[in-house]
Every structure is written in structure tokens, then in C-alpha cells.
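There are 2 protein chains.
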Amino acid sequence: MTPEKLKSPSRRADAARNREKILAAAREAFADPEVEVSMAEVARRAGVGMATLYRNFPGRRELLEALYVEVVDGILAAAEAGEGEPAGERLTAWLLQFLDFSTAKRQLVAELLSVDEDSRAVFNQNRARVLAAGEPLLAAAQASGEVRAELSLAQVLELVIAVGKIRGEKEFVEPILAATLDGLRPPD
Amino acid sequence: MTPEKLKSPSRRADAARNREKILAAAREAFADPEVEVSMAEVARRAGVGMATLYRNFPGRRELLEALYVEVVDGILAAAEAGEGEPAGERLTAWLLQFLDFSTAKRQLVAELLSVDEDSRAVFNQNRARVLAAGEPLLAAAQASGEVRAELSLAQVLELVIAVGKIRGEKEFVEPILAATLDGLRPPD
Numbered sequence: 048m049t050p051e052k053l054k055s056p057s058r059r060a061d062a063a064r065n066r067e068k069i070l071a072a073a074r075e076a077f078a079d080p081e082v083e084v085s086m087a088e089v090a091r092r093a094g095v096g097m098a099t100l101y102r103n104f105p106g107r108r109e110l111l112e113a114l115y116v117e118v119v120d121g122i123l124a125a126a127e128a129g130e131g132e133p134a135g136e137r138l139t140a141w142l143l144q145f146l147d148f149s150t151a152k153r154q155l156v157a158e159l160l161s162v163d164e165d166s167r168a169v170f171n172q173n174r175a176r177v178l179a180a181g182e183p184l185l186a187a188a189q190a191s192g193e194v195r196a197e198l199s200l201a202q203v204l205e206l207v208i209a210v211g212k213i214r215g216e217k218e219f220v221e222p223i224l225a226a227t228l229d230g231l232r233p234p235d
Numbered sequence: 048m049t050p051e052k053l054k055s056p057s058r059r060a061d062a063a064r065n066r067e068k069i070l071a072a073a074r075e076a077f078a079d080p081e082v083e084v085s086m087a088e089v090a091r092r093a094g095v096g097m098a099t100l101y102r103n104f105p106g107r108r109e110l111l112e113a114l115y116v117e118v119v120d121g122i123l124a125a126a127e128a129g130e131g132e133p134a135g136e137r138l139t140a141w142l143l144q145f146l147d148f149s150t151a152k153r154q155l156v157a158e159l160l161s162v163d164e165d166s167r168a169v170f171n172q173n174r175a176r177v178l179a180a181g182e183p184l185l186a187a188a189q190a191s192g193e194v195r196a197e198l199s200l201a202q203v204l205e206l207v208i209a210v211g212k213i214r215g216e217k218e219f220v221e222p223i224l225a226a227t228l229d230g231l232r233p234p235d
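Taken in order, these protein sequences are the chains called P and W.
Counted from 1, the first sequence has number 154 at position 107 by my numbering; the numbering is strictly sequential.
Counted from 1, the second sequence has number 141 at position 94 by my numbering; the numbering is strictly sequential.
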């Protein structure tokens, strides 16, 4: 195998494109929790050979981990958005994004745990990244008096996750989430 | 078998005592979800013979249903408490009681479903009883402006159940529940 630094720029671009094609195919393939997708199927969907797939991701676990880190990266990027907006609104917007991402995350977590119980280390590491990204948002919203001071970010996230798991029609579930987020405002 | 109305008062009292002994034994025996308890074990714990047990409860399903109805009766009785207190506090107190009961209820529901998928009819019927008991409490608290008007009782109960499922140390979980109940107050 040619070491990365000796490759021509176009070969490096090809390699990055392959990696992205594999991740996109895997993201889509793993989205349906009912279907167990093989590595061969991922390669087929990505339009790459098995050698290319395994060069990028030595196994199912590495592929799932990459997808998981990608989701967490999305949560972190969302924490950067809305700069200049009121701290309370910025936090609420981020919590909603966090919730969107966490549905995808939950599936990957389940898949990862089914491959390897040791994935807990990956979760803990990424959980720490999420907390570090969200903490300044919560601190700002608490400092400005827009969000109650008695909850930590871990507690706020558990609350949002719990409410996000409530099943039902959109018209039933959405007002519960809206009231919960609104209820984070401090009492007078 | 002697018809109930021909029995002497003391025999009727005996029968009621036996029924209560069986329910108490079953309540305790079924409290541990890890252990599958047989009908024979329930009879042994209650100190009654198998004939007496089966005369009261023809099967595991009838026994579980009786325990389930008992829990729901407790939720209904709790709705009667606190008359004369501010409507918001009365509702909150009831929601906390509802949550206490619902842990026991959840186990019985799981057991019942494992015996018979048709138990759904029993759940729906008892769910209607809970809603009927709690609705006046919510209506009063909304009318007095102590609780936000946009949520129905079904929504409030789902929220409380969801928060009640959050796992963790008491010191972590309790403030989340307290903030949630406090957050039911309407925004200014």
C-alpha cells in the first residue's frame, strides 16, 4: 500500500471520496433497524470493492463507530450555530437539534453494543464531547436568567431524551416537548 | 359450593380474609420481576390450599388482573385526597402518587401481557378510570391559572411517566422531576 503522504493529490481526493461514499451508503443502510446489513451490502451500495471498504473500515465495528462519531460531530456543530441570539433561545434550538440527532444515535448505539460491549468507552468519550459543547450554552442561558439554575446539562439532556421517547401522533407529542422546553424557564 | 348469600356472616368474612391473604401474598411475590412465581407458590405464601386459591382466582391472569385493578384503585383514591388545598398543589401531589403507583403497575402490565395479549382491554378500561379521576384535578388547576392550559391530562401523564423512567441516583433524578412539575406552571 502506498503511504498517504506519497500519494498524488488526485489519489488522495479519490480516497476521501471513497470514504465518504462508504459512510453515506452505511448511514442509509443502517437507518432501518429491522434489516441486518452485511459489509458486502454496504460495499455494493457504495459502489466500491470489498478491498476498498476494508482498507477504510477493517470491520463492522469501525464503520459503526465512524457513523456514530459523525452524528456526535453534528451535535457539536449545532452548538456553534445561532451566535448572537438570546442565550435561552440558542440553548432551546440546540436541544431540539440534539434530539433529532439522538434518534439516529440511539440506533447506532444499539448496533454497536450488539457488535461489542466494549463500545461503552466510545460512548463515554463522545458523551463528554457533547457535554463540553453544550455546557457554555446552558451556562449562558442560566446566567442571563432564561433557564432555571438548578439543573445541570446532564439533567437537561436526560429530560429532553425522556420526552423525545414519548410515542404518539405529532399533535400529541410536540406540545409536550414545547411545554417541557418552555418549563425550563425559571419560576418568577 | 354454597352460594354466597346462603353462607353465614363468619364464612363470608373468612372468604374475604382468604382473598385478601392471597392478594397480599401475590403482591409481594410478583414484586420481584426476576422471579417467575407459580400459583402453588402464591398459595403456599398465602397459607391457603390450592382449591381456595383457584376458587378465588381461576388462573394467573385473573390474579394479575385483580392486582392491577388494586393499583389503579389506589391511583383513584389518591385523587380524592387533599380536598381544599390549592388546585395546583393537589394536582402535583396526585401526579407524584400516580408515578409511585405506576412503577408497580408497569410490572403487572408486563406480566399480564406475557400471559395474554388480550389484556389490552383491561388496560384501556383502567386507563379510562385514571383519566376520569384526574381530569377534574387538572381542570381545576388550569382554571385557577396554576397549570399551563395547553396540555391534556393524557399529555401530562405521559410527561410524568417519561421523566419517571429516567435512571440514576436520587440526587440526579429528583430535581429533574421537580423542575418538570414546576415547569407545568403557565408562563407569565
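Don't read these hints as lab results, they were simulated from the structure.
Please note: incorrect hints may appear among the correct ones.
No copy is singled out in the list; a pair is fine if it fits within one copy or between any two copies.
[Claimed, not checked] No farther apart than 20 Å at their CA atoms in a straight line, the calculated lysine to any residue pairs in the SDA-like style are these:
(1) K68 x F170
(2) K212 x S55
(3) K68 x Q202
(4) K212 x S149
(5) K212 x D79
(6) K212 x R153
(7) K68 x E88
Going down the list of hints, with the structure as the test:
{"no.": "1", "hint": "K68 x F170", "verdict": "neither (24 Å within a copy, 48 Å between copies)"}
{"no.": "2", "hint": "K212 x S55", "verdict": "neither (48 Å within a copy, 55 Å between copies)"}
{"no.": "3", "hint": "K68 x Q202", "verdict": "neither (37 Å within a copy, 42 Å between copies)"}
{"no.": "4", "hint": "K212 x S149", "verdict": "both (10 Å within a copy, 17 Å between copies)"}
{"no.": "5", "hint": "K212 x D79", "verdict": "within (18 Å within a copy, 26 Å between copies)"}
{"no.": "6", "hint": "K212 x R153", "verdict": "both (11 Å within a copy, 17 Å between copies)"}
{"no.": "7", "hint": "K68 x E88", "verdict": "within (13 Å within a copy, 60 Å between copies)"}
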